[in-house]
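Position in the sequence shown counted from 1, then plus 157, gives you this note's numbering.
Please keep in mind that the hints were generated in silico from the structure rather than gathered at the bench.
Each hint can be trusted.
Below 27 Å or equal to it, Euclidean Cα-Cα: the simulated DSS-like pairs (lysine-lysine) are: (1) Lys293 - Lys277; (2) Lys241 - Lys230; (3) Lys293 - Lys241; (4) Lys241 - Lys219; (5) Lys219 - Lys293; (6) Lys279 - Lys293; (7) Lys241 - Lys215; (8) Lys230 - Lys293; (9) Lys293 - Lys215; (10) Lys219 - Lys230; (11) Lys230 - Lys215.
Here are the simulated distance ranges between beta carbons: (12) Ile188 - Asn291: 37 to 43 Å; (13) Ile188 - Asn270: 21 to 27 Å; (14) Lys180 - Gln221: 39 to 45 Å; (15) Gln172 - Ile295: 36 to 42 Å; (16) Gly305 - Ser185: 42 to 48 Å.
C-beta: ideal position from N, C-alpha, C; glycine also.
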Amino acid sequence: MNSNNFSNFNNDKSQKTTDQLLKILQNSNDINSYLTDNNSNISNISFHEYLTQLLDEKGLTKAQVITDSNIQKNYGYQIFDGSKTPSRDKVIALALAMQLNLDEANRLLHLSNNGILYPKIKRDSIIIFGLENNQKIIDLNITLDDFGEAPLG
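Generate coordinates for the entire structure from the input sequences, incorporating the hints supplied.
If you want it as structure tokens, here you go:
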């Protein structure tokens, strides 16, 4: 680690990277101390809370996102109120409808207990490209089909 990285690390003690947290955890003898010392770095937000937070940040409405995601209306509202946990494809559809970036989409996937998008998987690469280029679901589904991959279901 060069001195610049070290000084940046010391200047921002409250925010640790995932790798830093993992190293601290691996070297810890007491989980209680670890959790107490790193409380500000550990997220307790639920999937539907993060979804609602993103709605607010982006100035979107539930109705608009549900319509744009092609998710059945009642099921969509159940996702937003936390009574249903969507499949991976539904989360991706929500991410596309909300025009999320890759980090936001992957966090939604993680919080919904679905696998994050992985660029070494052909279908995921196409989806990442769609996210990065703000594609509509119908356009992404056409691209997926063009490459012999299953459309978002």
